[in-house]
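Novice: Spelled out, the chains give:
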Amino acid sequence: GAGVSQSPSNKVTEKGKDVELRCDPISGHTALYWYRQSLGQGLEFLIYFQGNSAPDKSGLPSDRFSAERTGGSVSTLTIQRTQQEDSAVYLCASSFSGLATNEQFFGPGTRLTVL
Amino acid sequence: GDSVTQMEGPVTLSEEAFLTINCTYTATGYPSLFWYVQYPGEGLQLLLKATKADDKGSNKGFEATYRKETTSFHLEKGSVQVSDSAVYFCALTSGNTPLVFGKGTRLSVIA
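Those protein sequences? They're chains A and B, same order as listed. Counting with my numbering, you get residues 52 to 166 for the letters of the first sequence. Counting with my numbering, you get residues 311 to 421 for the letters of the second sequence.
Rather than coming from a laboratory, the hints here were simulated on the basis of the structure. Just so you know, not all the hints are guaranteed correct.
To be verified - The calculated lysine to aspartate or glutamate pairs, modelled on DMTMM-like cross-linking and capped at a C-alpha distance of 20 Å, are:
#: 1; chain 1: B; residue 1: K370; chain 2: A; residue 2: E95
#: 2; chain 1: A; residue 1: K62; chain 2: B; residue 2: E352
#: 3; chain 1: B; residue 1: K413; chain 2: A; residue 2: E95
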């Protein structure tokens with residue numbers, strides 16, 4: 052595709068429900084990142100996939116958050132038992148490789164609202 | 311760990327004014343430095359980058375110079391336009407690591 056795509060663009064859910072957010076990276080990009088953008092917290096790293104290596108999960112805020120990347124392409128971020136503090140914009144990015152010099156291309160984000 | 315500090319906003323300027331948004335960083339090793347911009351209703355996009363000391367990144371009239379001695383990467387533009395109104399994020403990455411972002415600076419340019 053032309054860029055990183057994410058779905059849904061908006062998600063409203065009730066506290067306690069599970070949600071799944073999807074990211075389609077740019078074709079050929081081996082590195083994929085999830086970030087969260089919330090008021091007062093800025094942009095926070097959540098999880099990072101690089102090729103077939105084990106993901107870097109160091110940014111996940113709790114064990115309610117998990118992510119997988121199937122076939123080295125599409126990724127799904129799952130939030131179980133959502134809480135109101137999970138409300139944020141979830142951003143996905145991909146890059147050609149994980150090298151520091153490579154630009155990360157961002158998707159438009161999924162705005163999650165937990166009622 | 312690595313961190314980025316950028317000036318608090320919001321910043322409000324008149325059209326054609328000079329812009330500086332300060333950014334300083336703390337990092338181990340030799341990070342690459344970036345400025346990302348988020349226009350209203352749009353996603354994050356790379357504005358410019360510098361990958362080693364004394365490099366100058368530039369794009370759309372914006373410039374930033376990688377200063378290792380002062381650990382800074384200040385964003386400047388000589389004459390801002392209304393269309394530059396956006397949120398600007400300074401960021402860094404070291405090796406195979408995710409981006410570490412500053413908290414963002416909102417710029418409003420008034421005609």
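Novice: In ascending order, which of the hints set out earlier in this document are inconsistent with the structure?
Specialist: 1
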